[in-house]
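Enquirer: From just these sequences and the hints, can you work out the full model?
Those protein sequence lines, which keep their order, are chains H and X.
First residue of the first sequence? That's 336 in our numbering, and the numbers climb one at a time after it.
First residue of the second sequence? That's 162 in our numbering, and the numbers climb one at a time after it.
Read the hints as simulated data drawn from the structure, not as lab findings.
Do not take every clue at face value.
[What the hints assert, rightly or not] Derived list of chain H stretches under chain X, where covered just means 3 residues or more per stretch with a C-beta under 8 Å from a C-beta of chain X:
hint: 1; region: 390-398
hint: 2; region: 560-574
[Claimed, not checked] Cβ-Cβ distance ranges computed for the label pairs, FRET-style:
hint: 3; chain 1: X; residue 1: Ala177; chain 2: H; residue 2: Pro354; range: 44 to 52 Å
hint: 4; chain 1: H; residue 1: Ser583; chain 2: X; residue 2: Gly175; range: 54 to 62 Å
hint: 5; chain 1: H; residue 1: Gln388; chain 2: X; residue 2: Leu197; range: 13 to 21 Å
hint: 6; chain 1: X; residue 1: Ile203; chain 2: H; residue 2: Trp541; range: 35 to 43 Å
hint: 7; chain 1: H; residue 1: Met410; chain 2: X; residue 2: Ala193; range: 20 to 28 Å
hint: 8; chain 1: X; residue 1: Lys200; chain 2: H; residue 2: Val505; range: 43 to 51 Å
hint: 9; chain 1: H; residue 1: Val503; chain 2: X; residue 2: Ala188; range: 29 to 37 Å
hint: 10; chain 1: X; residue 1: Ala177; chain 2: H; residue 2: Ser348; range: 49 to 57 Å
hint: 11; chain 1: X; residue 1: Gly185; chain 2: H; residue 2: Trp541; range: 20 to 28 Å
hint: 12; chain 1: H; residue 1: Trp362; chain 2: X; residue 2: Pro167; range: 31 to 39 Å
Here a beta-carbon is modelled for each residue, glycine too, at the ideal position from N, C-alpha and C.
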Amino acid sequence: MSNRLINWFRFASPHTFYPLAGKMIPWFWTLAAVFGAAGLWLSFFVAPTDATQGEGYRIIFIHVPTSWMSMFIYMVMAGWAAMGLSLNARLSSMMAQALAPTGALMAFLSLWTGAFWGKPMWGTWWVWDARLTSELILFFLYLGFMSLQASIDDPRRADKAGAIVALVGVINVPIIYFSVKWWNTLHQGASVSINKSPSMAATMLWGMLLMALCLWMYSIAIALTRVRAIILEREAHTEWVKHLKEVSP
Amino acid sequence: MNWNSPAEFFAMGGYALYVWGSFGVCALAFLAEPFLIRKRHIDIVRTLRRQVSAEKLEMEHK
Chain H
336 MSNRLINWFR FASPHTFYPL AGKMIPWFWT LAAVFGAAGL WLSFFVAPTD
386 ATQGEGYRII FIHVPTSWMS MFIYMVMAGW AAMGLSLNAR LSSMMAQALA
436 PTGALMAFLS LWTGAFWGKP MWGTWWVWDA RLTSELILFF LYLGFMSLQA
486 SIDDPRRADK AGAIVALVGV INVPIIYFSV KWWNTLHQGA SVSINKSPSM
536 AATMLWGMLL MALCLWMYSI AIALTRVRAI ILEREAHTEW VKHLKEVSP
Chain X
162 MNWNSPAEFF AMGGYALYVW GSFGVCALAF LAEPFLIRKR HIDIVRTLRR
212 QVSAEKLEME HK
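Expert: Spelled out as structure tokens, the structure:
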């Protein structure tokens, strides 16, 4: 039996990662579509009406997944940025750069859907509650990371400056997560521990999990697509890019 | 099944604005983002092609 080791470092070069990412993207789109269809079906047709919030609670199925993803993408982005900083790996920094706009979008959608949920239930689009405020700071951290990188011409210096901002901002993620415990806020506690009748909690939980999986797969597909464009932009001077089939047919 | 008619589904028990306002904007965002990245990819490939053919022309005229 051959026990050959895959040389993972081979894929750490943009040259080898570019075609690999291209092959992976359709698979993640397929998974996103499957999870999304199942999640939406559960969210709208299986999960029963809520006793207190009526049909309005169905916003949970998009609000919670976008909020989770906004925090999770930030952690992954900071991880890639740290790797780019410590190992001086171009591709890691490009991955961080590719994740930032999607993370910002998730943070925005979390705030947007939260406002559309807060209006009918709390009677206000926005309050300066600990969780809402820390999520808004997360959104600004993404924007800060992106605009700082965009403002520095030398890409490697931009990577380093961005990585430091990303790493400092990591402190905000546990603050968001635990804000509902640490402060007495208007925002309700963690969704996954809702104590209602077991059958209800199960379909609601599955709806949320499937929607979160859908957004997870979507984010991977998007980040890989974006990193391919970033690779071409940043490696434009290299021979391998000039010899790509799509560039010189 | 929660709904007796499509109209009831779209009415969302009176929360139509909030439920569809949330899901609608998310759907738009998740459609727009891949489209914009696709455009970014096409733009850079076009620039690179132009660069490569310019280099080829230069070589031929030397």
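Enquirer: Failing hints, ascending?
Expert: Violated hints (numbers, rising): 5 and 8; every other hint is consistent with the structure.
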